Every structure is written in structure tokens, then in C-alpha cells.
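2 protein chains.
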Amino acid sequence: MSRADRFLRACRREAVDCTPVWMMRQAGRYLPEYRAIREKHTFLEMCRTPAIAAEVTVQPMRRFDLDAAIIFADILLPLPGIGLELSFGEGEGPAIGNPVRTRRDVEALAKFDPEKSVPFLLEAIRLSLRELDGKAPLIGFAGAPFTLASYMIEGGGSRNYENTKALMYSDPQAWRVLMEKLVDTVAAYLSAQVRAGVHALQVFDSWIGCLSKQDYLEFVLPHMKALVSAIGRAVPVIHFANGASHMLPGIRDAGGDVISVDWHIGLDDAWKAIGYDRGIQGNLDPVTLLGPREFIEKRVADVLLRAGGRAGHVFNLGHGLIPSIPPENVGFAVDKVHELSVRTP
Amino acid sequence: MSRADRFLRACRREAVDCTPVWMMRQAGRYLPEYRAIREKHTFLEMCRTPAIAAEVTVQPMRRFDLDAAIIFADILLPLPGIGLELSFGEGEGPAIGNPVRTRRDVEALAKFDPEKSVPFLLEAIRLSLRELDGKAPLIGFAGAPFTLASYMIEGGGSRNYENTKALMYSDPQAWRVLMEKLVDTVAAYLSAQVRAGVHALQVFDSWIGCLSKQDYLEFVLPHMKALVSAIGRAVPVIHFANGASHMLPGIRDAGGDVISVDWHIGLDDAWKAIGYDRGIQGNLDPVTLLGPREFIEKRVADVLLRAGGRAGHVFNLGHGLIPSIPPENVGFAVDKVHELSVRTP
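If you're matching them up, the sequences are chains A and B in order. Residues 1 to 345 in the numbering used here are what the first sequence spells out, letter by letter. Residues 1 to 345 in the numbering used here are what the second sequence spells out, letter by letter.
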């Protein structure tokens, strides 16, 4: 079985020859060849120049035996298309120049047109597909409505998400309109990526872990359901809910063919909570890859053991690769995943 | 029943007339009278000047009908006493000038002597007790060994705790020695506070939520058990494990008369996971207090409903008060807790 098939078969919970593996932020700063390009361009320039984005997308595929590529982009790329001023300061996180704080700000958001707002991303997808040449599938992605809303409202990263929750608690009607607009935006953004040719989609709800289960069920779950339904069933959808081990059944109810979980609980307990009628992706703590090789091997084996050889497991980290991780440890882990999970036919 | 009794009775799971309440960071920046003092002194000066620390400790007790005071201090105060250079930059978090990174750094740590290193804290406790005059109990506190270790190793706050975990994974022997030294340090620090007169203790494991359940059980739990055992049973011990809803049975096994939980899961589910042979403290999301009054009341009532009138509940937030919270909303919530939880005798 080629790596072109392994990942997509696992997403559909079909039998595979060994467990497929890719890693969040596999196109990123831990790679010297990425840093060499990054030195000459800003982060947004890289995202908005199709040739660069495609090059960075395939970089880790040349080095490692990864079973899927993920398009190089940022979850905030659609925001300028709905009227927000997006910037990335050097060494800082993203910033929104005109944060959304009132019902009026919500109403003023524009309708998103992917062909007009992110043509560079769609072109980067086409270039990446040409470069990958059918040898590995390509994943498209977007931020989930809650995570996008939190950036839009806070104006950047946040510690307590106080403006986001204050809007949610004090003007639930404005919150609902905002989420509905973001569902439309994200659905259009992901559908355009499918039309450009991606083989699977991942929705990143990176900051959802700041919410109580109670708030998730009340303020987010219905909108996530609407999103997953709007995306349709053309390609598998992976739903990554970071910091959400306290509400996995809610995350599952929100939708996704595969639920991607962080490292906080064992993959066995997570899959049990989600139910075996879904695939699961995860869940090695990325910092494991800073440890010695014996330790990495032990922990890779542990994740595979907890997956129990069941169809529907995509090996991944519980969060993105961090810049200090040695690339050779990434390659070591990828090879160990394949080696330790070979199924006898 | 006076507020002098309510809190301590609840810690021992005895009957109370209504649910006692205090709030983490109740002595803090959301209070204008705190900010007035803070403008004239650095944070460390405030901690190290007994008259100021005592004044700030009792400030919220004058405004609100809180059932316990907590001594104004910082979890990092014992660190200079074991050889670390501690500073707080204006507007930044804490910094350690000489972080612990190697086995040699661990071995070089000094033995902690509370009378010599934190006499100001012990004096602040005595002054606060005089000021409180038996009308409300006083809580002493410390950071848990893991949380202290993470600051010591990272040199300050952290996003990924990569140095901490890397030491844990690559040199488990050095990690063990570090945790043992911190258990001794924290036990001595807390015991000195008990001798100075505090009525209860809270151990803050603020950053423990970065660990998987697996890592907690292997690298932290045995040391927490040793700590709780070393503290002894002179006063009730509250164990606050932030971000730990994925491993509450482990937190319970580590010890504490009362387990203090954050807001991620409902108090009913948390208490069930912990077991009813322990008290529980929590668990309103602090950001709730930025919402409108009807919303605050609804959420306070919800926490009380989930506690089910069972003996052993101390009402608190799931994390500390944040500076933007209006003081009048704190008072409103405190009064609602008492009003909505009155037991008919």
C-alpha cells in the first residue's frame, strides 16, 4: 500500500498495511530549509506567494516518510476577506487592527468570497498537488468558528478570553449572528479548497479548551454541527479540538469523520469517549520529541498499543511541532510508527 | 453560624448554615484600594513588607462577606531561599535569573529555612490574624512542587514547558531529586505558616494541566503524596489542580482534604470523579463575573445545584479573579452564594 492510500483509508476506517502518520506544523520552523525561506520573507508573504507556500508544504515530504502533506497556510487567512485588518508582528503572534466587540461590529462583517480573497491559497494547493504528483494526499484546513471568533474579538492571542466570553454571556444574540457568519465563511473557505483539489480537510478548534463543557454545548456545538453539515461529504473531515478532553462526546456530536485529540488523556480513553464509529487522530505530546530516542520509541509504542490496531487511527501529535525539536527525531518517530504498526496481511 | 466557622466546617465536610465562599486572587488588582498601594510599591515589596501584605489580605474582607481570607503572597516567594534569583518585571510575569537545567543545578539547590528566608511572610500572617480578630479564618498557601519546578526550569512562565518535560524525560533521576527537594521546601514553608497561625492551607498546582495523565502518575503523583503526608493533619489542606479535569482521580490520590477544581467540567461530574469522601472547592469560571447580573446569578445557582447541598463544598472560582472584573459583581456573587444556599435547620 502506498502512502497515497494509507491516510485516506484510515480516515474512512478501512484496513491499512500500517498506521499512517503526519504531524501538525510539519511544515515549520523546526526545519532549517523552512527557516532559510522564512529569513527572506514575512510569514504573510510566505502564505500569499503560491510558489513559496507550495515549496514549504512539500519540504517535510522530502525528508520524512509522512503519509500526508498539509497545505502551508494560517487559520487567520480568511479574516481580511470579511473586513478585518490582519498582521503578524515579528516574534509576536497575530494581531487584528479592528477587533469585533459589539453587535454593530458583527453586523458589519462582509460576506466571504474565497476566489477573490484567497486566490493565492487555491493556487498554492494546485501547485502543491502538482509537486506531490499523487504520491501523498494533501490536507486543506481552516480554523473553527469559535477559535476564529476568539482572535477576532480579543484582537490576537489571549490568556482568559474575557472579551470573547463577555460577548457570549452578555449578548447571546450577537454571538449567534457572529457564529453563523463564521460558519458561512469557513464553509466557503473549505469548499474552495476541496474544489482546488485537497483530499481531506482539518478544522482546528485550537482555543476551544478555554470553555467549560456547559458553554461548549450551549454556545458552540450547534454552530459546529452546521459547519460540518455545510462542508458536505466530498472528502474526510478531521476535527481537531485542542484541550477538549473534558468534553469529547460533545466534540464528537459536533461532527467530523476523524476526531483529533491532544495528549492529555490516553488514546484508548479518548477513543472510548468518542466512540468507535469515528476515526481518531493523535496523540503524542510534541515535547516527547525532545526526549532521548528510547523514550520516544516507548511513547510511540504506547500510543499504538492504546489504538489497539483498530482501523481508523491516524498517528499525529497532540499539538503542533515546536521549533526546538530536532528534525531527526521527527524522522525517527515517523519510521517507528510505521515499523511498530505493520499489520500481517 | 459565623463566617469564622463556616469555611473550616465545610473543609471537614461538616454541616453548615450556608455554603462558604472565598475567591482566588480576592486580594488583587480588580480592587481600587489594592491598585492604590500597588502604584507606590513593586509587587515584591508588597509581599515583603508585612504591614502592606496584611493590609492587602484584609481589603476584600472589608468589602465583601467572604468566609475566608488568604494571605497575600506569591507562590515563588520560597525560591530565593533555595538559591534562585527571583524578579518581577513591571507588566511582565516572574523571571528566574539562574534557571535549573541540569543535574548539577538540581544538586546545588540550598536547604530551605522559612524563618530565615520568609520571616516577612510569617509576620504578615501574624498581623493579618490580629486584624481579622477571629472573625474569618486565614488560609496560607504554596505552589506545588511541579509548578515550582516548571518556573525554576523554564526561568518564568511557559507555553510548552519544553525544558521541564525534557528534563523529566531525559534525566528522570535528576527530576526525582528536584521533586524531593521541592517537597522538603514546600513542606517546611507550609509548616511555618501553620506555626504562624493559618487555619487552612492551599497548595496551588497551577501548571499541572500541561501534563498528560500518564506523566502525572509517573512523574508527579508520588511526590505530591509525600508532600501531603509531610504537611500533616494540623489544618485542612486544599489541593488546587488547574486544568486537571482529565485526571481528577489521580489528583485525589495525591491527597488533600478538599480538591479545588477549575471550571472545565460541572461540579457534579468533578465531585463524582473525585469521590464524596473528599470536600470540593469551585468552580465558577471567573469570566462569568464580567457578564450581566442575571447571568451571574444563573451560573452561581447552577454550581450550587450541582453541589446538591452536600456537606463539603466550598464555593470558589475555577481560577483567580482577573483585573477587569467589577468589584460590585464579586460582592453580588458572594451574596448570591449565601442567599441561594441557605439550609433550613
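Hint data in this document are derived by calculation from the structure and do not stem from the laboratory. Wrong hints could be hidden among the right ones.
The calculated label-pair distances, taken between Cβ atoms and stated as ranges, are [as the list claims (entries may be wrong)]:
no.: 1; chain 1: B; residue 1: PRO32; chain 2: A; residue 2: GLY91; range: 31 to 37 Å
no.: 2; chain 1: B; residue 1: LYS135; chain 2: A; residue 2: GLY157; range: 48 to 54 Å
no.: 3; chain 1: B; residue 1: GLU123; chain 2: A; residue 2: GLY157; range: 54 to 60 Å
If you want the ones that stay clear, here's a sample from chain A, every Cβ over 10 Å from chain B, calculated [what the hints assert, rightly or not]:
no.: 4; residue: CYS18
no.: 5; residue: LEU44
no.: 6; residue: ASP74
no.: 7; residue: PHE120
no.: 8; residue: ALA166
no.: 9; residue: ALA174
no.: 10; residue: ARG176
no.: 11; residue: GLY197
no.: 12; residue: SER206
no.: 13; residue: LEU221
no.: 14; residue: GLY243
no.: 15; residue: GLY266
no.: 16; residue: ASP285
no.: 17; residue: GLU297
no.: 18; residue: GLY309
Straight line, CA to CA, 30 Å or less: simulated DSS-like cross-link-like pairs of lysine-lysine [claimed, not checked]:
no.: 19; chain 1: A; residue 1: LYS298; chain 2: B; residue 2: LYS116
no.: 20; chain 1: B; residue 1: LYS272; chain 2: B; residue 2: LYS336
no.: 21; chain 1: A; residue 1: LYS298; chain 2: B; residue 2: LYS225
no.: 22; chain 1: A; residue 1: LYS272; chain 2: B; residue 2: LYS213
no.: 23; chain 1: B; residue 1: LYS181; chain 2: A; residue 2: LYS298
no.: 24; chain 1: B; residue 1: LYS298; chain 2: A; residue 2: LYS181
no.: 25; chain 1: A; residue 1: LYS225; chain 2: B; residue 2: LYS225
no.: 26; chain 1: A; residue 1: LYS181; chain 2: A; residue 2: LYS272
None of these values were measured; they are calculated from a predicted model. Where is the CB? At the ideal position from N, CA and C, for every residue including glycine.
Comparing the hints with the structure gives:
Take PRO32(B) and GLY91(A): their Cβ atoms lie about 35 Å apart, and the range 31 to 37 Å holds. Separated by about 42 Å at the C-beta atoms, LYS135(B) and GLY157(A) break the suggested range of 48 to 54 Å. Here the CB-CB span from GLU123(B) to GLY157(A) is close to 40 Å, at odds with the stated 54 to 60 Å. Distance check for CYS18(A) against chain B: the nearest CB is about 24 Å away, which clears 10 Å, and the non-interface claim stands.
Every Cβ of chain B is farther than 10 Å from the Cβ of LEU44(A); the closest lies at roughly 22 Å, confirming the non-interface assignment. The Cβ of ASP74(A) sits about 18 Å from the closest Cβ of chain B, beyond the 10 Å cut-off, so the non-interface label holds. Every C-beta of chain B lies more than 10 Å from that of PHE120(A), the closest at about 29 Å, which supports listing it as non-interface. Separation of ALA166(A) from chain B is inadequate, the least Cβ-Cβ distance of about 4 Å not exceeding the 10 Å criterion.
No beta-carbon of chain B comes within 10 Å of the beta-carbon of ALA174(A); the shortest separation is about 13 Å. Against chain B, the non-interface label of ARG176(A) holds: every CB pair exceeds 10 Å, the least being about 15 Å. Against the 10 Å criterion, GLY197(A) stays outside the reach of chain B, whose nearest CB is about 34 Å from its own CB. With a least CB separation of 13 Å from chain B, SER206(A) remains clear of the 10 Å interface cut-off, as annotated.
Consistency note on LEU221(A): stated as away from chain B, and its beta-carbon is indeed over 10 Å from all of that chain's, at 15 Å minimum. At roughly 8 Å from the closest C-beta of chain B, the C-beta of GLY243(A) falls inside 10 Å, breaking its exclusion from the interface. For GLY266(A), the non-interface assignment is contradicted: its Cβ lies about 6 Å from the closest Cβ of chain B, within the 10 Å cut-off. Annotated as non-interface, ASP285(A) brings its C-beta within 10 Å of a C-beta of chain B; the closest such distance is 6 Å.
Residue-level check passed: GLU297(A) sits 12 Å from the nearest beta carbon of chain B, beyond 10 Å. Listed as outside the interface, GLY309(A) is consistent with that label: its C-beta sits roughly 20 Å from the nearest C-beta of chain B, beyond the 10 Å cut-off. Our distance criterion of 30 Å between C-alpha atoms is broken by LYS298(A) and LYS116(B), whose separation comes to about 45 Å. Between LYS272(B) and LYS336(B) the CA atoms are separated by roughly 25 Å; this keeps the pair inside 30 Å, and the hint holds.
For the hint linking LYS298(A) to LYS225(B), the alpha-carbon distance of about 26 Å falls within 30 Å, and the restraint holds. Straight-line distance between C-alpha atoms of LYS272(A) and LYS213(B) comes to about 16 Å, which keeps the hinted pair within the 30 Å bound. At roughly 28 Å between alpha-carbon atoms, LYS181(B) and LYS298(A) fall within 30 Å of each other, so this suggested pair holds. Restraint check for LYS298(B) and LYS181(A): satisfied, since their Cα atoms lie roughly 28 Å apart, inside the 30 Å limit.
Of the supplied pair hints, the one linking LYS225(A) and LYS225(B) is violated, its CA atoms being roughly 43 Å apart against a limit of 30 Å. Taking the CA atoms of LYS181(A) and LYS272(A), the gap is near 33 Å; set against the 30 Å cutoff, the hint is violated.
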